[in-house]
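Participant: One-letter residues, chain by chain:
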Amino acid sequence: MSNLVQTRAVKTAPAPVWMRSNALAFALFLFFAIAPALAQLGAEGYLLSLVMRVMIFAIAAMSLDLILGYGALVSFGHAVFMGFGAYSVGILMSHRITDFFVQLLVALGVSALFALIAGAISLRTKGVYFIMITLAFGQMAYFFMISLGAYGGDDGLTLRMQSQVFGQDLLGHGYTLYYVIFAAMVGVYFLLRMIVGSRFGRVLRGTRENPVRMEAIGFHPYRYQLAAYVIAGTICGLSGFLLANQTEFVAPAFMTWQRSGELIVMVVLGGMGTLHGAIIGAAAFILLEEALYRITEDWKLIFGPMLVLVALFARGGILGFFRRRK
Amino acid sequence: MYTTLILVQTLNGLQFGIILFLIAAGLTLVFGVMDFINLAHGVQYMIGAYFVYTFTSLTGSFTLGLLIALPAALAFGLLLEVLVFRHLYNRDHLDQVLATFGIILFLNQGVKVIWGASPLFVPVPDLLQGSIEILPGFFYPIYRLAIIAAGLGVAALLYVLVNYTRAGMLVRAGATNAAMVSALGVDIRRLFMIVFGFGAMLAGFAGAMVAPILSVEPGMGDNLLILAFVVIVIGGIGSIRGAFLAAILIGLVDTLGRGFSTDILRLFLDPSAASQAGRAIAPMLIYILMALVLFFRPSGLFPVKR
Chain A
1 MSNLVQTRAV KTAPAPVWMR SNALAFALFL FFAIAPALAQ LGAEGYLLSL VMRVMIFAIA
61 AMSLDLILGY GALVSFGHAV FMGFGAYSVG ILMSHRITDF FVQLLVALGV SALFALIAGA
121 ISLRTKGVYF IMITLAFGQM AYFFMISLGA YGGDDGLTLR MQSQVFGQDL LGHGYTLYYV
181 IFAAMVGVYF LLRMIVGSRF GRVLRGTREN PVRMEAIGFH PYRYQLAAYV IAGTICGLSG
241 FLLANQTEFV APAFMTWQRS GELIVMVVLG GMGTLHGAII GAAAFILLEE ALYRITEDWK
301 LIFGPMLVLV ALFARGGILG FFRRRK
Chain B
1001 MYTTLILVQT LNGLQFGIIL FLIAAGLTLV FGVMDFINLA HGVQYMIGAY FVYTFTSLTG
1061 SFTLGLLIAL PAALAFGLLL EVLVFRHLYN RDHLDQVLAT FGIILFLNQG VKVIWGASPL
1121 FVPVPDLLQG SIEILPGFFY PIYRLAIIAA GLGVAALLYV LVNYTRAGML VRAGATNAAM
1181 VSALGVDIRR LFMIVFGFGA MLAGFAGAMV APILSVEPGM GDNLLILAFV VIVIGGIGSI
1241 RGAFLAAILI GLVDTLGRGF STDILRLFLD PSAASQAGRA IAPMLIYILM ALVLFFRPSG
1301 LFPVKR
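Protein chains in written order, with our numbering: chain A, 1 to 326; chain B, 1001 to 1306.
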């Protein structure tokens, strides 16, 4: 038995795959690194904000991929953490607490805390019930934010400025914000790559395949899943923090269930359980949305059926599609 | 005075619960029998409302409009089943979420293109206009009473269908163990199709019934879909009885919560804090309720026995 498990483990984690996936990720990062130079050829401001949006959603999608792709936990309330991260900036800003690090710390802390509480309760349920209970927590948070009249309620909150680094408006200068987001994305990628490659990640993947067996060999799936849920929530909070700084606006619309659905779509579209698939999925989703919008205002008429086709025919998303072609 | 207010809100809650039940009934069957997550169930409700708008303005009569809208909603549901859903029954939940999410995007935009983005209004049928005096000095709109009556009628009909007919027996058996039913020689695909079409028609019926009291607009089904999911999860997936009781519960809790949470909190808090907290808590109540139910009864209040 143990022999069997070992041979399988060896077969599924050969070095070349790891390197190949990282090579693809490096190519992506290289593109994002030189994108500002390329953007100068076109409508610079517009292209840059588009790419920043892609990278921010890539962070959120990667964090979802940790629990969705590696943990098989379909969270339908992941956008909430994005909302919390964004609102941490918005609410602190409206109280004149403008410091970058304080805001970042609060954004991560609030997201982690909510993930801990919501996760501890949600993970008691399985399968479909887990989807529904994460949805319920998402709706709770969404309606809570709407009810906060002092912070704009339904209309949201326009930020007076971006987060200040030691009292300086560094993020407003040139490409600073762009490269802060870029660094965050690269950092998150390697952090998550490390996590899924570690013993912790292997246990997580084990519980994805067969929780009962994992329990039989002495692990507590619940603890690992909860830890993964908190990590994912915290990282998604980071993406919210960046989003607030990029749009200089926060609103409950950041955390609707439709937005959570879009995050799932990004992960599945790119190919889940790969991390760089989440980046590709986020890019494909946002760029398609932009491109289709230029063709017609009713772009959803094209985008909707595309999702149906992906679900019906392209198992494994974009990455899976290309892998099969080879 | 206050008793009247409570009475009105209770009836409103009941009426809301009935509508939720009509949507949730189809959803819980599709979910329970086919293990299929249909996010597009909310758009069936929206389609029902749009159909009744169109057919009512074409025929000039709400009754005729409703009579045409129902089979149209059924046909539309079956069309979706044949085109998309039947290819997804054996798939992962994620694929189902992805595909039905795409359908929501498409149809919400589609009705915007066909009927326009602005809300449409359907007149209350002449026969059911006005209010009647239920208790001395207490008036309630007849049409809302008609919704409650129609909903209770459908619930009774469903009860008979599910419990006393052959098709109903198969549905119950399917909810318990679909593979076994199939192995016993039942054409499970046809059963699925019937259940699906019927569920779509019920959701369409709900949409048609609320069209005269709400505005008909794109995306009107999205929030109700979530509420319907709350209902079936609290009720226990696959259970019609659970869906009915949970729908009434949710309808009452939501309506009464929105109506009175500020007043109740005022007993403990000062008025401004109470109104703040009341506005925050009221819309969250049902989700808190759901989280509590799942915490203590992870498979709902009335789980289908396996």
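No lab work stands behind these hints, which were simulated from the structure alone.
Idealized CB from N, CA, C, for every residue including glycine.
Accuracy of the hints is not assured; some may be wrong.
[Claimed, not checked] Just some of the chain B residues that point at chain A, by a computed CB distance under 7 Å:
| # | residue |
| --- | --- |
| 1 | THR1003 |
| 2 | LEU1067 |
| 3 | LEU1094 |
| 4 | PRO1298 |
| 5 | LEU1301 |
[Claimed, not checked] FRET-style restraints, in silico, Cβ to Cβ:
| # | chain 1 | residue 1 | chain 2 | residue 2 | range |
| --- | --- | --- | --- | --- | --- |
| 6 | A | ARG315 | B | ILE1194 | 23 to 33 Å |
| 7 | B | ARG1190 | A | ALA150 | 22 to 32 Å |
| 8 | A | ALA120 | B | LEU1083 | 36 to 46 Å |
| 9 | A | ILE117 | B | THR1010 | 41 to 51 Å |
| 10 | B | ALA1273 | A | VAL212 | 40 to 50 Å |
| 11 | A | ILE34 | B | ILE1264 | 34 to 44 Å |
| 12 | A | PHE200 | B | ILE1264 | 42 to 52 Å |
| 13 | B | ILE1264 | A | ALA120 | 48 to 58 Å |
| 14 | B | LEU1267 | A | GLU248 | 21 to 31 Å |
| 15 | A | PHE200 | B | LEU1152 | 47 to 57 Å |
| 16 | B | LEU1152 | A | LEU105 | 34 to 44 Å |
| 17 | B | ASN1177 | A | PHE200 | 33 to 43 Å |
| 18 | B | LEU1157 | A | GLY149 | 36 to 46 Å |
| 19 | B | ARG1190 | A | LEU312 | 19 to 29 Å |
[Stated by the list, open to error] Chain A side only, calculated, beta carbon under 7 Å to chain B, not exhaustive:
| # | residue |
| --- | --- |
| 20 | ASP99 |
| 21 | THR125 |
| 22 | ALA136 |
| 23 | PHE313 |
| 24 | GLY316 |
Participant: Less than 7 Å between beta-carbons is the criterion; does A/ASP99 satisfy it with respect to chain B?
Facilitator: violated, 28 Å
Participant: Holds or violated: the 42 to 52 Å window for the beta-carbon distance between A/PHE200 and B/ILE1264?
Facilitator: Holds, at about 46 Å.
Participant: Falls inside 22 to 32 Å, the C-beta gap from B/ARG1190 to A/ALA150?
Facilitator: Since the Cβ atoms of B/ARG1190 and A/ALA150 sit about 57 Å apart, the hinted range of 22 to 32 Å is violated.
Participant: With a cut-off of 7 Å, does the beta carbon of A/THR125 approach a beta carbon of chain B closely enough for the hint to hold?
Facilitator: holds, 5 Å
Participant: Should the hint that A/ALA136 touches chain B count as held when the rule is a Cβ pair under 7 Å?
Facilitator: holds, 4 Å
Participant: Note whether the CB distance of A/ILE117 and B/THR1010 lies within 41 to 51 Å or breaks it.
Facilitator: Taking Cβ atoms as reference, A/ILE117 and B/THR1010 lie about 33 Å apart, which means the hint is violated.
Participant: Would you say the C-beta atoms of B/ILE1264 and A/ALA120 sit inside 48 to 58 Å of each other?
Facilitator: Given range 48 to 58 Å: violated, Cβ gap about 29 Å.
Participant: Would you say the C-beta atoms of B/LEU1157 and A/GLY149 sit inside 36 to 46 Å of each other?
Facilitator: holds, 45 Å
Participant: So, as I understand it, the hint says B/LEU1067 touches chain A; can you test that by seeing if any CB pair is closer than 7 Å?
Facilitator: violated, 30 Å
Participant: Taking 40 to 50 Å as the stated bounds, is the beta-carbon spacing between B/ALA1273 and A/VAL212 within them?
Facilitator: Taking Cβ atoms as reference, B/ALA1273 and A/VAL212 lie about 49 Å apart, which means the hint holds.
Participant: Just tell me: holds or violated, for the beta carbon distance of B/ASN1177 and A/PHE200 against 33 to 43 Å?
Facilitator: holds, 37 Å
Participant: For the restraint on B/LEU1094, tell me whether the closest CB of chain A is nearer than 7 Å.
Facilitator: holds, 6 Å
Against the hints set out earlier in the document, violations occur for numbers 1, 2, 5, 7, 9, 11, 13, 14, 16, 20, 23 and 24.
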